[in-house]
Amino acid sequence: MQSYVQGNAKAFDGLFARLAPGVHGFFLRSFGNKSVADDLLQLTFLKFHRARADYNPDLPVKPWLFSIASRVRLDELRRRYRVADTASEEELVRLADERESTASNAEQDLARNDIQKAVLSALERLPESQRIVIQLHRFEGMKFAEIAEVLGTTPTAVKLRAFRGYEQLRRELRPLIEEGRCS
Amino acid sequence: MRCEEVKDSAAGLASLALDDEDRMAAFEHARACAACASALAEGERLLSLIDALPPPPAPSADVLQRVAAEIRAELAAESGTATSVPARRQQRWWPEGPVAATGAVLVAVAFVVALLQWYHRPAPTRIWVEAFFVVGLAGAGAAVSLLRRSPWVPLGLLGVSIGFALLRGSPHEIVRAHDCSVLELIAASVTLVPAVLAVAIRRVRGGFSTLAGMSAAGALAGQAALDVVCRGNARLEHLLVWHVGGILIALLAGGALSALPPLRARARA
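Same order as they appear, the protein sequences are chains U and F. Positions in the first sequence are counted from 1; adding 586 to them yields the numbering used here. Positions in the second sequence are counted from 1; adding 47 to them yields the numbering used here.
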């Protein structure tokens with residue numbers, strides 16, 4: 587990252603190849619639309635590039651990149667729900683929770699069986715604030731402290747959201763879980 | 048750990064790192080509690096179901112290539128080695144446009160300030176036209192200094208100053224007037240100070256060429272004002288020593304400021 591900050595194009599290539607798929611997946615899971623994810627990926631990396639002088643070399647790159655992606659995601663939610671720039675994250679989350687389910691979710695199309703479809707649907711039904719934490723925790727392998735950095739909150743709040751989300755999933759998917767235990 | 052705590056958060060506890068204290072305490076408790084062991088097993092099964100989900104489709108090679116090409120082009124432009132920059136994205140111009148316009152306006156302000164500092168004789172129309180032409184060049188130089196980091200920008204402004212002196216001046220003995228250089232430095236400060244602040248608050252990227260260019264552009268606006276009011280404005284030696292000298296001092300002062308540690312850090316952006 588230091589090499590990239592100093593303008594090394596090859597260092598950027600390596601970083602981009604390593605991090606771009608995760609960021610794209612983050613947007614794809616958030617909005618369920620490939621072309622939106624493509625655009626937001628581009629926007630995120632341009633912001634990342636232009637802000638790279640602010641990067642603290644003592645911290646890992648990934649949470650910093652995802653904090654930019656998280657702000658891009660909020661901006662997209664603001665645009666999507668046509669709310670003012672001053673709208674709070676809580677308000678956006680409430681609007682997002684009221685949204686219609688994305689029937690053409692790209693992930694749903696990839697699900698190989700009914701179990702995977704059910705798991706994805708359950709994830710989709712989670713409140714936005716819990717779903718994003720579980721996305722970053724489970725799919726991006728981030729620790730709660732890192733997720734707190736990304737979302738601008740405390741590790742305790744992140745842990746609480748994650749635990750609530752996991753428990754809702756456990757309750758909703760209990761028939762599948764028990765089925766798996768028997769097989 | 049109590050049963051309620053484990054049962055209410057079994058999946059979350061199971062999701063924690065293996066060496067997490069809460070997780071270890073929960074599993075330790077579950078050794079002697081079948082109900083909690085069952086809840087934790089459910090949690091682990093849930094996590095395996097989530098982990099078994101297929102990854103989302105990867106971004107297409109085309110998208111990856113497009114994004115990477117755009118950033119590589121910016122990197123190349125920043126290092127001054129760009130030979131062919133791909134089409135810039137649409138949003139690119141708007142944050143930079145006002146920055147460049149601000150630089151140009153500052154030059155105009157510097158011109159007026161310089162003129163007011165030393166306005167004591169009327170000048171023929173031709174002189175005013177020349178002065179505004181130089182101010183225009185200085186404004187363009189200021190705008191480019193803020194947009195592109197290239198040492199050719201401040202050197203180009205110095206060249207304009209020298210060229211103008213050579214075109215206008217005829218050999219005479221030097222009219223000693225250090226006031227001319229001082230006035231140019233006042234004009235330079237009108238553009239340099241906001242530029243330093245803009246770099247400090249990260250609105251624009253710093254570096255030698257940016258600050259030297261902004262400083263030289265302000266001084267050149269001062270020189271344009273001198274063109275109207277200076278009594279020695281037709282004397283080559285005077286122009287080269289006091290007018291071009293003022294530009295050179297302003298350029299070096301701007302460049303020297305860019306070497307200060309807080310501003311140098313911004314220049315790496």
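Check the hints yourself; a few may be wrong.
Taking beta-carbon pairs under 7 Å as the criterion, some of the chain U residues facing chain F (in silico) [to be verified]: (1) F602; (2) L614; (3) G618; (4) S621; (5) F631; (6) L755; (7) E758.
In case anyone wonders, no lab produced these hints; they're calculated from the structure. Everything numeric in this text was worked out from a predicted model, so none of it was measured. For every residue, glycine included, the Cβ atom is placed at its ideal position computed from N, Cα and C.
Each hint tested on the structure:
The restraint placing U/F602 at the interface with chain F holds, with a minimum CB-CB distance near 5 Å, inside the 7 Å limit. Interface restraint check: U/L614 against chain F, minimum CB-CB distance 4 Å, threshold 7 Å, status holds. Hint on U/G618 is violated. Least Cβ distance to chain F is approximately 9 Å, over the 7 Å limit. Using the Cβ-Cβ criterion of 7 Å, the hint placing U/S621 at the interface with chain F is not satisfied: the shortest such distance is roughly 9 Å.
Among the interface hints, the one on U/F631 holds; its C-beta lies about 5 Å from the nearest C-beta in chain F, closer than the 7 Å criterion. Because the closest C-beta pair between U/L755 and chain F is about 6 Å apart, less than 7 Å, the hint holds. A least Cβ separation of about 10 Å between U/E758 and chain F goes past the 7 Å threshold, and the interface hint is therefore violated.
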